Structure formats: structure tokens, C-alpha cells
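S.K.: One line per chain: the protein sequences are E and L, in this order.
Counting from 1, one number per residue, gives the positions in the first sequence under the numbering used here.
Counting from 114, one number per residue, gives the positions in the second sequence under the numbering used here.
Read the hints as simulated data drawn from the structure, not as lab findings.
One or more hints might be untrue.
Straight line, CA to CA, 16 Å or less: simulated EDC-like cross-link-like pairs of lysine to aspartate or glutamate [claimed, not checked]:
#, chain 1, residue 1, chain 2, residue 2
1, E, 68, E, 31
2, L, 122, L, 137
3, L, 154, E, 31
4, L, 180, L, 166
5, L, 135, L, 195
6, L, 157, L, 143
7, E, 68, E, 108
8, L, 153, E, 1
9, L, 122, E, 42
10, L, 154, E, 108
11, L, 154, E, 42
12, L, 184, L, 143
13, L, 165, L, 151
14, L, 157, E, 1
15, E, 56, E, 42
16, E, 54, E, 94
17, L, 153, E, 108
18, L, 154, L, 183
19, L, 149, L, 195
20, L, 149, E, 94
21, L, 180, L, 131
22, E, 71, E, 42
23, L, 165, L, 143
24, L, 153, L, 183
Nothing here was measured: the structure is a model prediction, and the numbers come from that model.
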Amino acid sequence: DQQVKQNSPSLSVQEGRISILNCDYTNSMFDYFLWYKKYPAEGPTFLISISSIKDKNEDGRFTVFLNKSAKHLSLHIVPSQPGDSAVYFCAASDNNQGGKLIFGQGTELSVKP
Amino acid sequence: DTAVSQTPKYLVTQMGNDKSIKCEQNLGHDTMYWYKQDSKKFLKIMFSYNNKELIINETVPNRFSPKSPDKAHLNLHINSLELGDSAVYFCASSPRLENYGYTFGSGTRLTVV
């Protein structure tokens, strides 16, 4: 029972355009959501997060949107750059889980020049 | 001066062997984790430790034994390796429990033949 799902294994976007990565979850107890970025042969690096009391969080070119009623979050990257090409993981947690993050299976973003 | 370092990066071994993966963090974090990335690319938590105390043991076979000699180190020992143990193992740390901004190591690719 995968509680966090990223249904698109890959996404290809032109440089300068918007990249939208999607994530769905099933556990209504999740109260904190994060996006991580991973380059090949490296560990994931933290990108941006959002608490369940908010519906949007922005950090430079990266914005995360949370729709609690739909149990859906998305990461928008504007404008996309070739250096953004990586695998993006969505993750979620609830406060009662002792710091455990549940990850999706990742979406590989390719930004073409 | 890598923040979270894992050794070895690659490990190829025969079924039935016992092996260890070491992890060290120099960030002064209280909490450390082991995650396994399987063939379907999901990152799944195995263990977490907070100040050397086991917090999460996520129904991992008891062939896997974590050891935390101090809060900067979390090693993973695996007995009687099986083909299904082949995966990438990531160590991570966070400042404290329920601070989800993990810093990951670069991973250890374990191949059991």
C-alpha cells in the first residue's frame, strides 16, 4: 500500500518553460510534505517543503502547492533550466510517526536546451 | 568535508556473506536514518536513531542490525545476505526528530550475486 504516489515516471520540458511535477497521497494524517531532488550517484537533497496548514510555499523558482481535499501536491519550477534535470521525489510525514518520511517513487525531469 | 558520508559506495558480495555499511555525519545532528531504495525506486525507511536510541524499526528482517556507537555514526550490518537485499542503501541525518529536512549520504549500491 503505497501512501505517496508519483504517477509520472518522467517529464520532458523545454528550457525556460514551466515544469509541473505531481504527487498524490492517501493518508489524511500526513501534515508535512517535502520535495527532494536527486542527481545520479548522489543522495537526495532537500528542495522545498509545505505544512498542511498552508496551500502554497514559494522559494525562488520553486513553488509547492497543496490541495488537501484532493490529497494532491505539485511542484512548479519556473523558468526551468537544464541544471534542473534530475529525479524529483515527493515525501510526506505525520507528526506521530517519529520523523519517518514516506517517499514517492520519483519523477525524472529532463529540461532540454 | 562531506556532511553525511557512507562507505563503501559500491559493494558486490556473494549470497550468505555478512557485510557492513558505515555512515558518519559531521553536522551535529541528533537523528540518523537508514533508507533502502529498491528496484522500483521507492525510498523506504528501515531504521531511525535519535541520540543513539532506536526510534523506528520498520519491520526489517532481523538479519539487518543497525548500530549507533555515538550520535554521529549509524552503521548497518547485514547477515546472511540474500539476492533480494540488492538495492541502494541511503544514510541520512536530521537536526532532531520530526525535523524533516534530511541530509542524505550519496548511497551504497549493494549487489548480492
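S.K.: Take the hints in turn and mark each one as holding or not.
M.R.: Taking the hints in turn, this is what the structure says about them:
no.: 1; hint: E:68 / E:31; in the structure: holds (10 Å)
no.: 2; hint: L:122 / L:137; in the structure: holds (13 Å)
no.: 3; hint: L:154 / E:31; in the structure: violated (24 Å)
no.: 4; hint: L:180 / L:166; in the structure: holds (10 Å)
no.: 5; hint: L:135 / L:195; in the structure: violated (19 Å)
no.: 6; hint: L:157 / L:143; in the structure: violated (20 Å)
no.: 7; hint: E:68 / E:108; in the structure: violated (24 Å)
no.: 8; hint: L:153 / E:1; in the structure: holds (14 Å)
no.: 9; hint: L:122 / E:42; in the structure: holds (10 Å)
no.: 10; hint: L:154 / E:108; in the structure: holds (11 Å)
no.: 11; hint: L:154 / E:42; in the structure: holds (14 Å)
no.: 12; hint: L:184 / L:143; in the structure: holds (6 Å)
no.: 13; hint: L:165 / L:151; in the structure: violated (26 Å)
no.: 14; hint: L:157 / E:1; in the structure: holds (12 Å)
no.: 15; hint: E:56 / E:42; in the structure: violated (28 Å)
no.: 16; hint: E:54 / E:94; in the structure: holds (15 Å)
no.: 17; hint: L:153 / E:108; in the structure: holds (13 Å)
no.: 18; hint: L:154 / L:183; in the structure: violated (30 Å)
no.: 19; hint: L:149 / L:195; in the structure: holds (15 Å)
no.: 20; hint: L:149 / E:94; in the structure: violated (20 Å)
no.: 21; hint: L:180 / L:131; in the structure: holds (15 Å)
no.: 22; hint: E:71 / E:42; in the structure: violated (29 Å)
no.: 23; hint: L:165 / L:143; in the structure: holds (8 Å)
no.: 24; hint: L:153 / L:183; in the structure: violated (33 Å)
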